[in-house]
Structure formats: structure tokens, C-alpha cells
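Each step along the sequence shown adds one to the number in this note's numbering, with nothing skipped, and position 313 is 313.
Read the hints as simulated data drawn from the structure, not as lab findings. No experiment lies behind these values; they were computed from the predicted model shown. Ideal placement from N, C-alpha and C gives every residue a C-beta, glycine not left out. Any given hint might turn out to be false.
The list that follows gives simulated cross-link-like pairs (lysine to aspartate or glutamate, EDC-like), each with its CA atoms no further than 16 Å apart [said to hold, decoys possible]:
hint : residue 1 : residue 2
1    : K292      : D321
2    : K310      : D279
3    : K323      : E386
4    : K373      : D392
5    : K323      : D288
6    : K47       : D78
7    : K219      : D363
8    : K322      : E286
Using C-beta positions, here's what the derived DEER-type ranges look like [unchecked claim]:
hint : residue 1 : residue 2 : range
9    : T390      : A499      : 39 to 47 Å
10   : Q295      : E394      : 34 to 42 Å
11   : R391      : F197      : 33 to 41 Å
12   : R393      : P332      : 32 to 40 Å
13   : S241      : F214      : 30 to 38 Å
14   : L86       : T390      : 24 to 32 Å
15   : K310      : D480      : 45 to 53 Å
16   : L12       : S223      : 53 to 61 Å
17   : P114      : H456      : 48 to 56 Å
18   : L449      : A499      : 17 to 25 Å
19   : T141      : S11       : 26 to 34 Å
20   : G488      : F214      : 23 to 31 Å
21   : Q246      : G308      : 25 to 33 Å
22   : D446      : S201      : 24 to 32 Å
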Amino acid sequence: MNNWLLRTKPSLLALLLGIALTFAFAPYGIYPLAFISPACLLALLLKTNARGGFKLGFWFGAGFYGVGVYWVYISMHDVGGLPPPLAIFITALFIAFLSLYPATVGYLLNRFFPHRNATKILCAFPALWILSEWIRSWLFTGFPWLFLGYSQTNSPLKGFAPLFSVYGVSLVALLASGLIVNAIIQLNKKDYKSVYFNLLSFTGLWILGAALCFIPWTKPMGSPISMSLVQGAIPQKIKWSPQHIQLSFDRYQNLSEPLWGKNKLIIWPEGAIPMALQDVGAFVEEMDKLAKRNQAHLIFGIPIEARGNKYFNAIVSVGADKKVYLKRHLVPFGEYVPLTNVFTGLLNILQIPMSDVTPGGDDQPAFTIQGVKILPSICYEIAFPELMLTRDREIGFLMTLTNDAWFGKSAAQAQHLQMAAMRAVELRRPVTVISNDGLTAIIGPDGNLQSQAPPHQTYVLEGSVQPTFGLTPWMYNGMDPLLVILLGLLVIALRSERAACRKAALELSFARHGQLLKDFEEEKINS
């Protein structure tokens, strides 16, 4: 670490550390950065006060989210048609808002835990960070992107996901960060015994994570299900234009024609049919008859018109099993407008199709394919750990239909796929991702990619999924155990801080009394 940079430009260093952290995530996958970067940030936070902690956390967040979610600009400008200055302003505002989360962590850490000790490093810092991630998942409808644990889908630490979900993986990564910092502090004190203990604990986290990966939380159920995932690659700019609607019908029909009789399950992506179900009844009926004739299932994304000129974003299954799933968690400013009176003007400028969508209910039946239950989701929903949490042990695999063409050839698609992989690890179930423009993939219950379609081109991905059944601890317990752990860490840190304050006050009192006694003795000698 450059001493001059550390001494004179800590905010710049925090910004660079935030940028570095983005490379821990897909598509780069340098996962050790997920504990190295927070460790360096923690080292900076230990050298400042609450105000400085807020500032450092904010600049760290600006670097992290500025590079990590820059693709918001693409959806605003390249697809939404906003002028560059306005798109840049909205993107910067969004990044600044997200940066408040690490800024708040930095402030609270130094406001309530001013003393530099092991509990601040190993208890307070990880607990505050994880609580900020959890709050970010639901505050203002939530934005659960780039949780630290997502970076570990290819590391041994993912073994903790079936226990505590992605939040638990984040916690372990932050404990690893704290152990690094604590080891360096003890090394400077020449306390080699503590250094060895911290390094041994660091190694133990990885060994335990690797061991957890081998626990068979779920078991195979029935025979593998063969499927064809159809990636139409319809450009987002023309997808909803009236003159190009027929292109979608023709492309998906032509791509699916040779698949009938080959696989029993054919899936098209979100919004594959860019017209309301009520307006294409004849086409859907034709597809239903074709699927039945081949004893197959056809699943596709389509809007369904609701009363009052509103719509549902839906998944429809026809053929051997008829089901409908209505998207539950909508994208703010993409599918609905919060604070309508304030933001309606902006939405009119963006001209986003289907921007007045109605959410579906929470209790919706699972799809059934060859006697196997499938948990469906649409796009953004797969990013929410608790939304995808099911206690139905009979769910065989997860299926998410998405359209990531909104974000062009950015990192957003790879990040989205990485989150789907974490859902597979948490529930120990396969996940199928069917995208309009990429990344269409089949993910195994261990989170590893079984097969993947090339992005940004028309493609049919053929493969099979082995359904599994059973409950992981995360499915059984949900978020409660982790919240108890986080509360316990904060209690330990607060008690330690109180003890440190008492000790400091006592030492100060002794120092004052000692100085008074010294002054008295000097005065007595002089007299």
C-alpha cells in the first residue's frame, strides 16, 4: 500500500478499493478481492472517526457501484432514449444513493465502536455490513445486486449458502477480511501467537466451506427432464414496435418447429410474445394444440391485460399442463412508477413499454412438468433470496424467464446469471435461465454451469435437468438464525466497547491522579 496515498488521499484510495471489488464478481470472477478489498477499507476506517468513516464509505461505494452498475446508463440512454446528460444524471443519482449504504456502515462503525480492537474488526464491521445488505434488499422495494457473497459462487465459501443464503456467504467473506486485518495489527505488535491464530482461523473458514459443499442437502428425484431453451435474440429497441411484432412470432415458431417430439419441455423467454394474451388467443390456442399433440409442455413469457388498462407480466404454460404465473416483485421505473405524481413525467420521456404493471399474489401454484414441481420467476425476482425461498420440499428445480437485452453487452447479464447460480446453491436445486438475448443457461444444484448458450445471438440450448427434493437449512429456517447471529455479534462488540471505555476512563483517571500527586510532591520539595 502506497504510504503517501494512504496518508494524503484516503478518499481516493477508498474509491479505488471500491472499483477493485467489482472485479470479484462476474464476469471477471477474481473472488479473493471480495475479502481483500473490504479488508483494506476496514484498515482505512480504523484510522478515522465517524465523519471520516462516512466519507470513506461513500467513496468506496461510489467506486463499487459506479463500475458495478454502470449499465443503468445503457438502459436509460441506449434503450430508453434519454439524452446523455439526463441519463448520466439519473445514473449518478442512483449510484450516490447506493453509496449511502457503505457510508452508513463506516459512520456507525466509528460512531459506536471508536476503540480499535478485535471485536470491532471481527464482530461490528461484518454485522453492520450484512445488515446493510439485508436492508438494501427490501428498502424502497429493494435492490439486492452485488451482495458480497455473490462473488463466491466459484469458491469454497459457497458451502455456507445452504445454511444462511448469500448473506451468510457475505458474512464469512467479511470475517475473512477481519482476520486479515487483525493478523496484520497483531504482527505489528509482534504478538505472533495471535497472528498464527488469525491465520489458522482464516484457513479454517475455507476448509469448513469446502467441507459443507460435500453435504448432500437434497437428493435426486425421478428421471432427468430434457428441455429446449429458446433464445430469440430480438433487439430491445424493436421488440415492442408494432411493425416488428410479427418477427417475434415467426422467430420463436421457426426455432421451435424442429423441437416438437424431440424434448417434452420447450421454454421461451420473458415477453417472448410482445402482445397481451387476450389479443393473441388464436396463436396461443394453436400452440396449445401443437404441444398437446406432441405430449409436450410449452412455457413462454407474455403480458396479460388487467382491468383499468393495467397489465401483469406473466409466464404461461400450455400443452400437457396449463398454468399461469404472475410476476410478484416488479422493477421500479421499469414496470411501475413509485410516487406517481412525481415521476410520471420521467416515465413519459423514457417511453418504457408495460410500465404500469400490476404485481401478482404471493400464493401462486407451482408449475408441474412430468409430475415434477417447478418454481417459476421472472427476471428481477431471481435476485431476491427471500422471495425465492420456498419451504416446499417437492419443488424439483427453479425456472426463471428474463430479458436482459435492456442492458446491452454489459456485465449486467453475467451478474444476473451469478445470482441465479447462488439461488441454486442456497436451495440445492437446478436452475434454468431462459433469456431473450443471453445468458440462457442450465445451472446445477451446486451452482456450476452445466451448459450455456452464446450471448447476443439466436440459439436453442438443449439439455436436461435432474430434479432434486429435500430442504436445506436455509429453506427450513429462513433469515431468523442469521439475524440472531448478527444481533449477537453487535451485542458482543457493544459490550467490548463499553469495557474499553471503562478501561480508558480508568487509565485517564489514574493518569490525572498521578500527575496531581507528582505536582504536589514537586511543590512540597520546592517549598
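Compare the distance between the alpha carbons of K310 and D279 with 16 Å, and conclude whether the hinted pair is satisfied. 14 Å, holds
Taking the beta carbons of P114 and H456, is their distance inside 48 to 56 Å? Given a distance of about 51 Å, which is inside 48 to 56 Å, the answer is holds.
Are K373 and D392 close enough, with their CA atoms no more than 16 Å apart? 9 Å, holds
Holds or violated: 23 to 31 Å for the Cβ distance of G488 and F214? Hint holds: Cβ distance 28 Å, inside 23 to 31 Å.
Given the hinted pair K323 and D288, is their Cα-Cα distance within 16 Å? 12 Å, holds
Is it true that the C-beta distance of R393 to P332 lies inside 32 to 40 Å, as the hint says? 33 Å Cβ-Cβ, so the 32 to 40 Å window holds.
May I ask you to test the hint 17 to 25 Å on the CB atoms belonging to L449 and A499? 49 Å Cβ-Cβ, so the 17 to 25 Å window is violated.
Mind checking the hinted window 39 to 47 Å against the Cβ distance between T390 and A499? Between T390 and A499, where Cβ atoms are some 44 Å apart, the hint holds.
Within a Cα-Cα threshold of 16 Å, do K47 and D78 meet the stated pairing? Answer violated: K47 to D78 is near 43 Å, above 16 Å.
Could you check the hint for me, namely that R391 and F197 are 33 to 41 Å apart, CB to CB? 39 Å, holds
Would the pair K292 and D321 pass a check requiring their Cα atoms to be no farther apart than 16 Å? 9 Å, holds
Given pair status - E386, K323, alpha carbons within 16 Å: 23 Å, violated
Hint compliance for this structure: hints 3, 6, 7, 10, 13, 14, 15 and 18 are broken, all remaining hints hold.
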